[in-house]
Amino acid sequence: MYTRRIFPVTTVLKWTRRHIFLFLILATIPVILFDVIGIKWFRVPWLPLGVLGTAVAFIVSFKNNASYDRLWEARKIWGGIVNTSRSFTIMVKDYITNDFAIDNSSESELKSIKRELVHRHIAWLTALRYQMRKEKPWEKHLKNTRSNREFRSRKYLVCEDEQPISEIIKPYISQKEYDEVFAKGNQASQLLGIQSKRLKELKQKGLLDDFRHMEMTNLIVELYTLQGKSERIKNFPYPRQFATLNYIFVWIFIILLPFGIMEGFEAIGDHISRDLASHTSTTSAVHKFQEFIARHFEWFSIPFSTLLAWVFHTMETIGE
Amino acid sequence: MYTRRIFPVTTVLKWTRRHIFLFLILATIPVILFDVIGIKWFRVPWLPLGVLGTAVAFIVSFKNNASYDRLWEARKIWGGIVNTSRSFTIMVKDYITNDFAIDNSSESELKSIKRELVHRHIAWLTALRYQMRKEKPWEKHLKNTRSNREFRSRKYLVCEDEQPISEIIKPYISQKEYDEVFAKGNQASQLLGIQSKRLKELKQKGLLDDFRHMEMTNLIVELYTLQGKSERIKNFPYPRQFATLNYIFVWIFIILLPFGIMEGFEAIGDHISRDLASHTSTTSAVHKFQEFIARHFEWFSIPFSTLLAWVFHTMETIGE
Amino acid sequence: MYTRRIFPVTTVLKWTRRHIFLFLILATIPVILFDVIGIKWFRVPWLPLGVLGTAVAFIVSFKNNASYDRLWEARKIWGGIVNTSRSFTIMVKDYITNDFAIDNSSESELKSIKRELVHRHIAWLTALRYQMRKEKPWEKHLKNTRSNREFRSRKYLVCEDEQPISEIIKPYISQKEYDEVFAKGNQASQLLGIQSKRLKELKQKGLLDDFRHMEMTNLIVELYTLQGKSERIKNFPYPRQFATLNYIFVWIFIILLPFGIMEGFEAIGDHISRDLASHTSTTSAVHKFQEFIARHFEWFSIPFSTLLAWVFHTMETIGE
Amino acid sequence: MYTRRIFPVTTVLKWTRRHIFLFLILATIPVILFDVIGIKWFRVPWLPLGVLGTAVAFIVSFKNNASYDRLWEARKIWGGIVNTSRSFTIMVKDYITNDFAIDNSSESELKSIKRELVHRHIAWLTALRYQMRKEKPWEKHLKNTRSNREFRSRKYLVCEDEQPISEIIKPYISQKEYDEVFAKGNQASQLLGIQSKRLKELKQKGLLDDFRHMEMTNLIVELYTLQGKSERIKNFPYPRQFATLNYIFVWIFIILLPFGIMEGFEAIGDHISRDLASHTSTTSAVHKFQEFIARHFEWFSIPFSTLLAWVFHTMETIGE
Amino acid sequence: MYTRRIFPVTTVLKWTRRHIFLFLILATIPVILFDVIGIKWFRVPWLPLGVLGTAVAFIVSFKNNASYDRLWEARKIWGGIVNTSRSFTIMVKDYITNDFAIDNSSESELKSIKRELVHRHIAWLTALRYQMRKEKPWEKHLKNTRSNREFRSRKYLVCEDEQPISEIIKPYISQKEYDEVFAKGNQASQLLGIQSKRLKELKQKGLLDDFRHMEMTNLIVELYTLQGKSERIKNFPYPRQFATLNYIFVWIFIILLPFGIMEGFEAIGDHISRDLASHTSTTSAVHKFQEFIARHFEWFSIPFSTLLAWVFHTMETIGE
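Chains as they are written, first to last, in our numbering: chain F, 1 to 320; chain C, 1 to 320; chain W, 1 to 320; chain E, 1 to 320; chain V, 1 to 320.
Everything labelled a hint here was simulated from the structure, so no lab data went into it. Check the hints yourself; a few may be wrong.
You can't tell identical chains apart in this list, so a pair holds if it fits in one copy or across any two.
Simulated pairs of lysine-lysine, DSS-like, Cα-Cα distance not exceeding 30 Å [said to hold, decoys possible]:
1) Lys234 x Lys111
2) Lys170 x Lys76
3) Lys14 x Lys176
4) Lys234 x Lys93
5) Lys111 x Lys134
6) Lys176 x Lys111
7) Lys200 x Lys184
8) Lys234 x Lys170
9) Lys203 x Lys288
10) Lys288 x Lys200
11) Lys114 x Lys76
12) Lys197 x Lys170
I would like the entire structure built from these sequences, with the hints used as guidance.
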């Protein structure tokens, strides 16, 4: 997670530079058509476009709201995993004793049992972490666009991309368990299954009394639930039909934008032209320069509509 | 669920092509009235229409928000069913033992009991699945419009539409249960009822100790609750009065749109005409062509208002 | 609940026809003042009115959102009542046995006890249903407006309006209970009280073991809670101060609307007049007709502002 | 709570008459400057003001939404108190028996114990009620503005303002408890403390069996929690920084409003003037009157901007 | 927490005076360019800017909403800590007795044990408080801007900034515990760990019976959870990418604002000029003064756009 106050503006610009370039081109097309080629009629009135812009701002805001809520829910789930892991560790430390044991185990035996349980929990955390990092079809574009790839290669080395999961989990579980876990599908689920089986054994040996066994089983169930919730958030993206339409609407707005925005700039240009025409001296270089600018005032719409397009596009992208 | 990043634009266009065609016609009517027939006064000022548009964008956004929340809640419920099913399977595997049995059962007997319970659970899942797929009066239009029917027939074969529920459930439960379940109303509820009765029998035989029986009963209750929640979401659509009004408001906006949008295009046309009139040479072919376009500039409002109508209509439809 | 896809438009029109008529009159007044009586200065600029309209659309949307949330919460509560009733019936069926009884009861005795409990539960459901249908001061207007009364008399026969509660409940409970329940205030609460007392007796007779008695008591508590929640939603309407202001704001907008909307129509009329003036032949009948229309173009504002007023008013009313 | 359908409009006007008067003055100032003193340049363009108005409408709507949510949450908490009080009374009635008692108590003794517990609960409810009515620094203005004081003195006699808490609570608890409770801070908390101590005594005497004692203690904990939640809502107002800014923003808008709104009215006036100038007879009294009105059309902005100011101000105030 | 009704306006102005000054400069630049240097063409049409402004108002409102929700959730958590602390104290007072003790402890011994537990709880509260006050990277700017530093130094002495945590906690725990707690990372977690260990010892000595021990352990788990939730809210700010973009969007709007707003003021100026030109006497001093103002009317845009910039910027900052 990025934790500074805000991203530096240069980073943002770099990140989006490809799109900025595209918007520049889109904004230039109608101006060239208008002022260079002379096709004066290729435009769109601003007012209806403004209503479209408001509507688009609306639905994009709602989308961002929804994606923020998802983020917040995900954060709560991971907070729950942290809390439950803490409780699990404490219980392992406090509950596994010789007090009710049938055959007393030595201190070192108890210790190795405790270590085994905690290590298996770490393995579960690792498996879950990898599962959450796996690439989903609807995330592909995020990783594979050129801007992102560059950015990542330079700044972040995500360990889940660099090292295979098997390598990281191996030290935490026995070879037998390792084979068992990687033989079938959901590794995390299976690790919890083994954990639960192990607790049952401990109970049968009397190293864990009946009631405390039940409490620990409840914890395992809680971990199952948290895992299920993580998977739900991971596997259920913002509904694709909404995402698609937001995407299309924003692009419709962006494409129409330059054709609609010229109107305002042309009006300003006309206004200046009229002002200049009433001046007494109309031959000085400055005057000529101003007249030149006034006549080609549409060109100033390019940076402005690029900016607006950038704002709307970034707004749409950020909530993805 | 569609899982690619976004639907391809062509799919979206194909899907909505009937409506696009309709909007085109709606947009053409006022232009023909105006420019061909010469009824100049059939129009509406844009500004109040813009306020209507903003209001409509508003209430449609709220609706989409609500329908997203429903979707998310439904997703949580199914996530809960997945989690509870996992727990159920584990409990079946671990809790049914000879430990407290009055008459020990053979391993194979135990195994067949476990299989029976799990199979009945699958039958319940199936029954619930079919129930959720059943067509509700307010969903009819979604399935039966021509665009959807075509689309479905080509791409998706929803098994719930192809195979009758009885055929799929049959292998999972005994003939007696099958007759019982299909004799009365809610199949899923009855399957859970049988499940609960069966657990009581197992307890009485001592294959399930008292406390563990209670835990499994709690699970059955949880499944009941989840089924009830699924049914609630299925049977309680977005309130029809809200849906109706959104629908009417959007259509009012769409129908008025072409009458209001012409204003802006006419103004641009006039502006160009004036510009052209001040040109020195007014006889060249290009000039004549431009003059022709300027005089009939209203025609350009057709694609634009079709587009706007499409955006608002799709926005309204998507959240249904 | 209305369950078709949308209400037919004609129904909506019929339902709101009184208001449509009122809006027509409101919209006609300023036009008559302007064009017939010649008071040209009775009007309002559109732009500030547009901002007012946006603000009103906003707060009305929020209100509709809130009322949808209330509806959804109410639906959840009734879903909960359905689920809990199911569980209650199952428990009655399974838990009341001779297993721990002090003096064994005959099968038919057990059956009659079970029937009694279930019947009392139905009585409770009925009492709650009637309580929810009772008319609250802030609901009066909904039932008593003429449009609603007509509508109801023709289409719906709400049984709670036709039959007294006492008549419907009577068959489900004994005469003694009946007298007790209708002697004091909240019938539903008292029925649950009797239910709970009855369960205690069953426990004392040993027809219900201690632990199962506790579980059933918990169910009664759950029913109490659900009843309390229903009452809360019923007795706590959308806060009256918010409702009042929304109502006033919408009406301010509706009343000002026709005075503001004329501006746009007058401008169009002027525009057409100017166009017509430049025509070569200005004496043809068609031309005269068009001129006539252009000069009285304000009259077209009537249907348009009626429509807008209708949209805003319906939007406000629907969420009540 | 006001329970009629809506407040009558006259009440609303009376309530806000001081502000209406203030807005009238604010609206008149720029008109006098403009039309009487002749300072033509003291104004503001409408369009940016419109954007400000939209933004203000936005944040005020969000605030109202938040305050509605708080209200709803508060309502849920009080609903919870009602439910828990019901359960408490039932438990007192049913659980305190001689069944497990060491020394049997007489019926009247049991009855007096039950009455004592219920009375103490009423004392707790009273203490909590008074605590909720206590004036907080940020509520002062609500009670002390003149309009409110008048209103209250005429219509409502809030018993919490008229009678001291000690007087009302006294009859419900013994003198000893009374001294104890009013010696230290939070009366409600202490009453629950005494309640809990008393239940422990009853358990020790065997008038309450162990398990049922635990259930009642859980109820006391629940009451603690509900009290804590009530206090939280009471003591944590809508964050003051948000409230302050909303307040400032609305006032900025209200103060600028009359300076921006004149523009529209002046334009209408000019328009009418031009129309009148083209009339054939320009000397009739009616014509002169109309001309007079057209020239001083700015005066009509006064009621309109007063209205708008009132709408925005009331919208802001209502959610406080 | 500030608890008066609203912050006084002067405080708000003082707090934001640096930004107000900046906005003044930003607003002056285009006016100087336009009116002093004579670069007439450096401007932007208002209408698209207005749409941008609406969009910005939107996303900022959503952000404020989100930050209000976080605040409210945080408040709930601290309310939970207060409630749980109350319960903890009561339990310490009531549950630790000689009733089940193996070797009876003297009254003073019991008292010292109770004091120790409560003191340790206070130490936990203190540790959590300090943890919550720790400066996070994304909060730095809030504390270190000059306006805030000044403000704080004059008005608030936050004890967490003045006194080190170790000094405050020391009196509440023994030296041994002190060393243990400050040796490793999370002090609050360790204090709860010690608390839990101590409760186990008390149970083993019989000063706490088994069931009551479990209840108190549940309370410790609850405290863990509440601590975890506090940490989650503290450590997970409003997502930085959203915050960054809001920040950039608002600044884009603020920077463009003065270039767009001049349009409206220039139009008013022109209008006045035209009015003045038609006056009969055009030589009086007042007339000249008015003419002067009309010609330089753009200057009035400075306070207005400063105000708008201030409103949008403050709106954005307040929700941080």
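Hint by hint, here is what the structure shows:
| no. | hint | in the structure |
| --- | --- | --- |
| 1 | Lys234 x Lys111 | neither (36 Å within a copy, 35 Å between copies) |
| 2 | Lys170 x Lys76 | within (29 Å within a copy, 33 Å between copies) |
| 3 | Lys14 x Lys176 | neither (49 Å within a copy, 54 Å between copies) |
| 4 | Lys234 x Lys93 | between (32 Å within a copy, 28 Å between copies) |
| 5 | Lys111 x Lys134 | neither (35 Å within a copy, 36 Å between copies) |
| 6 | Lys176 x Lys111 | both (21 Å within a copy, 25 Å between copies) |
| 7 | Lys200 x Lys184 | within (22 Å within a copy, 33 Å between copies) |
| 8 | Lys234 x Lys170 | within (25 Å within a copy, 34 Å between copies) |
| 9 | Lys203 x Lys288 | neither (95 Å within a copy, 96 Å between copies) |
| 10 | Lys288 x Lys200 | neither (92 Å within a copy, 92 Å between copies) |
| 11 | Lys114 x Lys76 | within (28 Å within a copy, 35 Å between copies) |
| 12 | Lys197 x Lys170 | within (20 Å within a copy, 33 Å between copies) |
The structure is inconsistent with the numbered hints 1, 3, 5, 9, 10, although it conforms to all the rest.
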